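Colleague: Please construct the entire structure, taking both the sequences and the accompanying hints into account.
Chain by chain, the residues run as shown.
Number of protein chains: 2
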Amino acid sequence: MRLVVIGGVAAGLSAAGRARRCDASLEITVLEKGEAIAWGACGLPYYVQGLLETVDQLVVYTPEYFRRERRIDVRTGANVVSICHPRRQVVLASGERIPYDRLVVATGARPKRINGACEPGVFTLATLEDAEKLRCFLIERKPKRAAVIGAGYMGLQAAETLRTHGASVTIFEAEHEILGRRDPALTDALRRHLERFHIDLQLGVRVESVEPGMVAGRPCDIVILAAGVQPNVEIAAEAGIELGRTGAIRVSDRMETNLSGIYAAGDCVETTHLVTGRPVYMPLGTTANKTGRVAGANAAGRRERFPGVAGTMIVRVCGLGVGITGLSEWQARKEGLDPVSASIESFDKPRYFFGERVWVSLVADRRSGRLVGGTVLGSQATAGSINVIATAVTNRMRVEDLEHLDLAYSPPYAQVWDPILIAARQLSKNF
Amino acid sequence: MRLVVIGGVAAGLSAAGRARRCDASLEITVLEKGEAIAWGACGLPYYVQGLLETVDQLVVYTPEYFRRERRIDVRTGANVVSICHPRRQVVLASGERIPYDRLVVATGARPKRINGACEPGVFTLATLEDAEKLRCFLIERKPKRAAVIGAGYMGLQAAETLRTHGASVTIFEAEHEILGRRDPALTDALRRHLERFHIDLQLGVRVESVEPGMVAGRPCDIVILAAGVQPNVEIAAEAGIELGRTGAIRVSDRMETNLSGIYAAGDCVETTHLVTGRPVYMPLGTTANKTGRVAGANAAGRRERFPGVAGTMIVRVCGLGVGITGLSEWQARKEGLDPVSASIESFDKPRYFFGERVWVSLVADRRSGRLVGGTVLGSQATAGSINVIATAVTNRMRVEDLEHLDLAYSPPYAQVWDPILIAARQLSKNF
Numbered sequence: 401m402r403l404v405v406i407g408g409v410a411a412g413l414s415a416a417g418r419a420r421r422c423d424a425s426l427e428i429t430v431l432e433k434g435e436a437i438a439w440g441a442c443g444l445p446y447y448v449q450g451l452l453e454t455v456d457q458l459v460v461y462t463p464e465y466f467r468r469e470r471r472i473d474v475r476t477g478a479n480v481v482s483i484c485h486p487r488r489q490v491v492l493a494s495g496e497r498i499p500y501d502r503l504v505v506a507t508g509a510r511p512k513r514i515n516g517a518c519e520p521g522v523f524t525l526a527t528l529e530d531a532e533k534l535r536c537f538l539i540e541r542k543p544k545r546a547a548v549i550g551a552g553y554m555g556l557q558a559a560e561t562l563r564t565h566g567a568s569v570t571i572f573e574a575e576h577e578i579l580g581r582r583d584p585a586l587t588d589a590l591r592r593h594l595e596r597f598h599i600d601l602q603l604g605v606r607v608e609s610v611e612p613g614m615v616a617g618r619p620c621d622i623v624i625l626a627a628g629v630q631p632n633v634e635i636a637a638e639a640g641i642e643l644g645r646t647g648a649i650r651v652s653d654r655m656e657t658n659l660s661g662i663y664a665a666g667d668c669v670e671t672t673h674l675v676t677g678r679p680v681y682m683p684l685g686t687t688a689n690k691t692g693r694v695a696g697a698n699a700a701g702r703r704e705r706f707p708g709v710a711g712t713m714i715v716r717v718c719g720l721g722v723g724i725t726g727l728s729e730w731q732a733r734k735e736g737l738d739p740v741s742a743s744i745e746s747f748d749k750p751r752y753f754f755g756e757r758v759w760v761s762l763v764a765d766r767r768s769g770r771l772v773g774g775t776v777l778g779s780q781a782t783a784g785s786i787n788v789i790a791t792a793v794t795n796r797m798r799v800e801d802l803e804h805l806d807l808a809y810s811p812p813y814a815q816v817w818d819p820i821l822i823a824a825r826q827l828s829k830n831f
Numbered sequence: 401m402r403l404v405v406i407g408g409v410a411a412g413l414s415a416a417g418r419a420r421r422c423d424a425s426l427e428i429t430v431l432e433k434g435e436a437i438a439w440g441a442c443g444l445p446y447y448v449q450g451l452l453e454t455v456d457q458l459v460v461y462t463p464e465y466f467r468r469e470r471r472i473d474v475r476t477g478a479n480v481v482s483i484c485h486p487r488r489q490v491v492l493a494s495g496e497r498i499p500y501d502r503l504v505v506a507t508g509a510r511p512k513r514i515n516g517a518c519e520p521g522v523f524t525l526a527t528l529e530d531a532e533k534l535r536c537f538l539i540e541r542k543p544k545r546a547a548v549i550g551a552g553y554m555g556l557q558a559a560e561t562l563r564t565h566g567a568s569v570t571i572f573e574a575e576h577e578i579l580g581r582r583d584p585a586l587t588d589a590l591r592r593h594l595e596r597f598h599i600d601l602q603l604g605v606r607v608e609s610v611e612p613g614m615v616a617g618r619p620c621d622i623v624i625l626a627a628g629v630q631p632n633v634e635i636a637a638e639a640g641i642e643l644g645r646t647g648a649i650r651v652s653d654r655m656e657t658n659l660s661g662i663y664a665a666g667d668c669v670e671t672t673h674l675v676t677g678r679p680v681y682m683p684l685g686t687t688a689n690k691t692g693r694v695a696g697a698n699a700a701g702r703r704e705r706f707p708g709v710a711g712t713m714i715v716r717v718c719g720l721g722v723g724i725t726g727l728s729e730w731q732a733r734k735e736g737l738d739p740v741s742a743s744i745e746s747f748d749k750p751r752y753f754f755g756e757r758v759w760v761s762l763v764a765d766r767r768s769g770r771l772v773g774g775t776v777l778g779s780q781a782t783a784g785s786i787n788v789i790a791t792a793v794t795n796r797m798r799v800e801d802l803e804h805l806d807l808a809y810s811p812p813y814a815q816v817w818d819p820i821l822i823a824a825r826q827l828s829k830n831f
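Going down the list, the sequences are from chains H and X.
Read in order, the letters of the first sequence correspond to residues 401 to 831 in my numbering.
Read in order, the letters of the second sequence correspond to residues 401 to 831 in my numbering.
Note that these hints are calculated values from the structure, not bench results.
Just so you know, these numbers come straight off a predicted model, no measurement behind them.
Hints are supplied without guarantee of correctness; some may be wrong.
You can't tell identical chains apart in this list, so a pair holds if it fits in one copy or across any two.
As the list claims (entries may be wrong) - Heads up, simulated EDC-like pairs for lysine to aspartate or glutamate below, C-alpha to C-alpha not over 20 Å straight-line:
#1 749 / 600
#2 433 / 464
#3 542 / 621
#4 433 / 532
Modeller: Listed below in structure tokens is the structure:
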């Protein structure tokens, strides 16, 4: 049986690798449009910041590795232009047709573009090539005034990255909020933090186009476009693969599309939100790897399911950890819940272990008494804290049980009252 | 109504403070045998290590604070020698009788002692006074050869503390294991780590008594007794308060004893293990605070319950974080489960963010498919990881769901595959 995978980054290679482990006899071909495979897109800002010497250090595997160790034929520069499902063939730009029995579509996503996106001095940060060009420009031109378009996690990372190169930064965001949460407290806290680093946050400013040297009437020497991504679904849609309401490919929990034998995974699919049960488009590296594995297993004949996402993410913004999971209060209300929330400030460790300030916000549903979301701002410990909240949200934990959660304590690591427990106590009172 | 609390540290003061918030009209008296109240016992090793200048820095509140801010009468040097429940009175060593309507027993625990425990150069580390004496001895005498009796978390902290003062250390442990888990892999990993710091671990050596300058035939200049603690239950038992099979006070999930109107909390009570449903004696500061709050609320007429503990703890051992929660494989088997386990090694972050090695071990029950315990060894991130596992264990999470848990990823904080997810995948395979 022949398995073809379109896309050789996170989801595609996870699918191919997992399919191989499930079935040693499969013929597996991975078709990657670009020249590199298996690169860590999330590391791009840190390459530009100078933490990595060469961009190749973000490349985890080579096609040779897959050929030799996994007997998977990985072809780079293989640009798929169409899928002919009646004939079970994919067609390359070169005209070559590659037959399949099972197909995994892992075509990823691309940055949303606006007019002027191709002007010199205007960058996106989605590929290895993007990162090299941007770093080069920053080192050679030393831009003084920078504009970032979009205040999602990519925009915030871009702002940090520009600051490490000494530019003053203005972030323009069309909405009146940060990170898509409609959480005024979070937006205020982040605005204050950004101001300390001379980053100006302009909310409610929709940038429709950029001209050389000018964004929204402000002069600038460099622009980074970070106004979100859109799924690469054109080839799939033309082949008759159904899209969901989010605009991404609709899949079952086995990652199967409406066309029998065609699976999809990664940044081109929508997933199920574990709190709302509804489809959601949240393209992230972790989910790409997980959905890729599940697609690969099912394509190879196993029965596995991907339950969905809690909407967990973390981003470092000028040294501050910002973690979110589940629903914000506004999102919960929009979903028909009756949200009750609490926010507290505390410290992650005792003062004598250099404890740093941490800010925890929790949201529960008044009717069911269950936790539906949370936000953490703070130090390195932010990752662990948002993960605990994500685990509690995934398990629909009741606030009264969360309050008594048996979390670890020792002075080098924690406070006797973990900030999550303090927030849970406050949340209980607010019911 | 008069509420009397015996004990003015974690559980006692949590009970008193919570009772006050629940009922503004209560007359509340706290009787503390010692001179200080509200001190953080878990910080003692770090005072001895020199991270705090004075031991008073571990004292969080003064009696004056409670009198002024909470209208709670806190009496130090008030040594309760008996409880006369028929008359609803506690009797002090001075002969004074103090009447109560409701009583909270929070008498704590004390280190187990052996013959020779009072010899010079032999220390325990349970009180502020202990800590001052030990630090003084270490600074003035500069002992070269140290012995620690017990390889529980206190023994491991003591060994680290002695190393910071330059002594070579031998730990003697009666059992063939560390931290009471009967986990050979954990014991081996810790032994290797301790060896790097010139700490010798002698397992299966029961030390019945110490003589000056000699432990188990080995010469030494200082001994720290850390062979566990026992609950202070004598006064309670004499008053007719029932003890459980663990030897600690038996309480309901409302923290009520068998005597009506008498509650107990903290290191003198047994609690329910959330995985086994059985009583367990696990005296820890976090649990003391939580059970104290619940005892105080119920004593003040509210109805609150304490669900129990997952058995979560963390200890720093010469810089290595060691976190445990739930059951080890051996414990699971002893409880009649059919354990299946997996251990993996990974890194907490990418190499370019100075990722450190992390070791995760998970235990599940084959029949139910549910996670029952775990161990994490590693860097600062250990705390967050063991807390995620504790939250999953508390929620009886299925391994197949754990595998897809939506944990946060960004290179400054994590790997795209969190070590917990890698361990969960391995655990799935081992079923």
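Colleague: Work down the list of hints and note, for each, if the structure agrees.
Modeller: So, going through the hints one by one against the coordinates:
no.: 1; hint: 749 / 600; verdict: neither (31 Å within a copy, 30 Å between copies)
no.: 2; hint: 433 / 464; verdict: within (16 Å within a copy, 72 Å between copies)
no.: 3; hint: 542 / 621; verdict: within (9 Å within a copy, 63 Å between copies)
no.: 4; hint: 433 / 532; verdict: within (18 Å within a copy, 68 Å between copies)
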